[in-house]
Amino acid sequence: MRKLRLFYQNYKEKIWISIGMIALVLVLIRLANNNIQKENEETIENVTSEVRNNISYAPSQSIISDSSISEENAEENINIIENFIDFCNNNQIEEAYNLLSTDCKEELFPTVEDFYNNYYKDIFTEKKSFDTELWGNSGIVTYRIKILSDIMATGIVSDEFIEDYYSIISEDGNKKLNIKNFVSKVEINNKKSIEDIEFNVLNKKTYIDYKIVEVEIKNNSDKKVIIDTKENTESVYIRDMNGVGYGWYGHEIADNLLDLEPGESTNLEIKFNKMYNTNRKDKTIHFTDIHKEGMEETLSIEIGI
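The sequence shown maps to residues 3 to 307 in the numbering used here.
Because the hints were derived from the structure by calculation, they are not lab data. All the given hints hold, so there is nothing to weed out.
For each label pair, taking beta carbons as the anchor points, the in silico distance ranges come out as: (1) Asn234 x Ser195: 20 to 30 Å; (2) Glu200 x Asn100: 38 to 48 Å; (3) Arg282 x Ile164: 20 to 30 Å; (4) Glu189 x Glu135: 21 to 31 Å; (5) Asn234 x Glu78: 44 to 54 Å; (6) Glu263 x Asn234: 18 to 28 Å; (7) Glu108 x Ser267: 14 to 24 Å; (8) Thr235 x Ile303: 11 to 21 Å; (9) Glu84 x Lys226: 54 to 64 Å; (10) Arg282 x Glu254: 15 to 25 Å; (11) Ile303 x Asp257: 15 to 25 Å; (12) Ser302 x Glu271: 20 to 30 Å.
Fair warning: this is a prediction, and the values are worked out from it, not measured in the lab. Where a beta carbon is used, it is the ideal one built from N, C-alpha and C, also for glycine.
Build the full structure now, drawing on both the sequences and the hints.
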C-alpha cells in the first residue's frame, strides 16, 4: 500500500491526465456510435418511406402499352393487393386465400393447404412489402409485383425481390385476385365440325408466359381419327388478331389422347407459346394435321376463340 501511495504521489498529475484522456476517448466513441446509429435509422426510415410511398402510390398507366385505368380504380386495386400481403404477413392464411378468385383457386390452389404449400411458405418466410407496376388492362387489370423484404421488420436494406404478376377481376360484385402469373380464364364453348369430327373450344386460360386452350373433341364417325401426328410442331396453333401464329407444346400431350376410335371423345388442355399481351388478342385456333381412316386428304379446321 505504501508503494502505491508513493507511486500515486509521484505520478498523480500524469495519472489524472491519462484518466481524462481515456474518458474523452470513450465519450468520442459513444458520440460516434450514436451518430452512426442515427444515420442508419435515418437511412432505414428513408427507404421505408420510399417503399411506403410505392405502396400508397397506385399506378394507373401501363408500362408496356397505352392502356390505363382511373385513379379511383387504381386505388381500389392497390388496396386489395395490400390487404392480401398484410394477411400473409400476419399469418392469416385463410383470409388471404379468400381474396383469390374462384378460377385461381380451381386452377392453382384447390384448397387452403395447397395455397400454403405451393405459394405462401415459399415467399412469406419473413414479413414482406411490395412494389407495383401496371402491366396491362384488357378488361382485367394486371400488375407486375415485386415482393420485397420488409425493412422495418428485418432492419436490412436489400435489392433482392420475388417477381409475380397479380390480376384483378370482378366476381359477384367484389374484386378478387389472380396470382402466380395466372391472368384469367374465359369460357368460350364454340363448336365446329369437319367430317363428323366435332371440336368444342371450352375455355382459354391466360398466364403471363403462355396460354392454355381446353378443347373437347368427339369422333362421331365410324372411322378411326388421329387429331395430330406431332410430325410438325406448328401443326396446331392459335392466331392473333394481327395474323401472327403461336405454336403448341405438342410434346406435353400423350399420343393416346390424339387417337380416337369411332364414337370416342377426348378432352385436351393445349398449351401455346404465347405471352400475355393486351395488344395481341386471340382470334382462332387451328388444327391442320387431322387424319381420318380411309381418307388420303389431311383435314384442317379453324375455330374462333
